[in-house]
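Take the sequences, apply the hints, and build the full model.
2 protein chains.
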Amino acid sequence: MTTPARPRRLAHPAREEIRLEPVLHALSDAVRLRIVREMAAAETGLSCSHFVLPVTKSTSTHHFRVLREAGVIRQDYRGTAKLNALRRADLDALFPGLLDTVLTAAEAQAARHGDPARDPAAGLTATASG
Amino acid sequence: MTTPARPRRLAHPAREEIRLEPVLHALSDAVRLRIVREMAAAETGLSCSHFVLPVTKSTSTHHFRVLREAGVIRQDYRGTAKLNALRRADLDALFPGLLDTVLTAAEAQAARHGDPARDPAAGLTATASG
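Protein chains in written order, with the numbering used here: chain A, 1 to 130; chain B, 1001 to 1130.
If you are wondering where the hints come from, they were derived from the structure by calculation, not from laboratory data.
Which bits of chain A does chain B cover? Going by a derived footprint, with three or more residues having C-beta under 8 Å, they are:
hint, region
1, 9-22
2, 25-33
3, 89-100
4, 103-110
Every residue, glycine too, gets a C-beta built ideally from N, C-alpha and C.
As C-alpha cells, this is what we get:
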C-alpha cells in the first residue's frame, strides 16, 4: 500500500500572527520589493516562473520564502508549480496603508534612480534567472 | 604643536542618497522601531542616554548606527554626548507618508500584542541598558 497523495501545503502565519518587523524586513530588499510590486500589479496569482529576476533560482526561492514566512504573500501549490499572491487583505487590516505607501515609495525611487532589481547596472549583479 | 580640536562629525547620507531598502531594514527591528517612536514623539533631539532599552550599550550603539547610516536619524555630537533626531523632512520628501504609516502600524501592533522592546516578556531579553 502506498500513502494517498495529499496536496502539499506550505506554512503560512495566520493573520493574527503577522508582525510588523518581519513584514518590513521582507520588504527591505530590492528583489523582494520587485516581486511584491509585480504581484500588486497583477490581478491574479503568479507562478514563480513568471518573475524574471537577476538572481539564481535558489536565491529566488529564498526571497519567496522570506515573503511567505513574514505573511506578505501566499504560496499555494498548483500541481508542481507554486502560485504566489499578495496577502493584501491581511496586511491592509493589520497595517492600514502600509503596503500602498511602500509600493508608492518603491515606484518613486525606481523613477528617480532606476530599479536595481530590473536594471543590474543600478545595483544588483545579474546572474541566471530562476 | 598639537592639532586643533575639531568637532567630531558622524557620516550621514545626503537626502538624495537615502534609499528605501535600507530605511525599511532600519525600521524592521523592535528596538529600532521603539527608538524611532520615541524620537517621533519628542519635540527636540534626544541623547542616547534618554533611551532605556532592553539591550546592552554596544547593541544600542549598533542600532543607532543602523538608523543613522540608513538616513532615518541624524546623530550630532554635543560635547561627548550624541544628540539624536529623526530626519522627518528628508523621509517625508522622499517617501511621503511612509514614516507616519510605519509609526501608526507600530502603535497598533503594540496595542494588540505589547511592545517587545518595552516589555521583555513580549519577546526580547532584558539586559543592561545603554
